[in-house]
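Colleague: Sequence:
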Amino acid sequence: MSGGVGLSDAERYERGMVVRREVLSDAHVDRANESITEFTSDFQGFITRTAWGDIWSRPGLDRRSRSVAVLTAMIALGHHDEFEMHVRAARSNGLTVAEIKEVILQAGLYCGVPAANTAFKLAERVLRELGDVR
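So for the sequence shown, numbering that gives the first Met the number 0 puts the first residue at 0; every next one is plus one.
These are computed hints drawn from the structure, not numbers from a lab.
Each hint should be verified, as a subset may be incorrect.
[What the hints assert, rightly or not] For each label pair, taking beta carbons as the anchor points, the in silico distance ranges come out as:
1) 40 with 78: 20 to 28 Å
2) 112 with 13: 36 to 44 Å
3) 7 with 128: 35 to 43 Å
By construction, the Cβ of each residue, glycine as well, lies at the ideal position given by its N, Cα and C atoms.
Full structure from sequences and hints, please.
Modeller: Here it is, written out as structure tokens:
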């Protein structure tokens with residue numbers, strides 16, 4: 000089944016939560032859920048159903064490929080917090096430090112040197128926290 004076609008919103012949410020936890024970690028999702036307010040709850044439900052339950056659950060790309068696409072998009076758009084989160088996710092999805100480096104180099108060519116410069120700084124900080132680089 001592609002995306003969430005034929006699933007109820009509740010089923011899409013549940014599937015999305017499983018994928019979200021697998022990609023981002025239980026600790027991250029638990030922290031995110033603890034910060035949900037009445038004001039943000041509809042948006043958080045939308046993200047879980049749509050991003051994780053529909054898109055990240057599709058069979059057309061593996062999670063490694065999705066991570067490459069997401070890292071590139073976050074670099075291009077300057078979404079630094081999301082980029083850092085997805086560097087962690089990329090490692091969980093099997094990308095090596097060398098592959099993350101190559102994604103940033105490739106993005107530098109198409110997204111610009113300043114964007115890649117910032118991405119290298121952010122990625123190195125995350126990878127150092129993970130114990131993957133010195």
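Colleague: Output the indices of the hints that this structure fails to meet, ascending.
Modeller: Failing hints: none at all.
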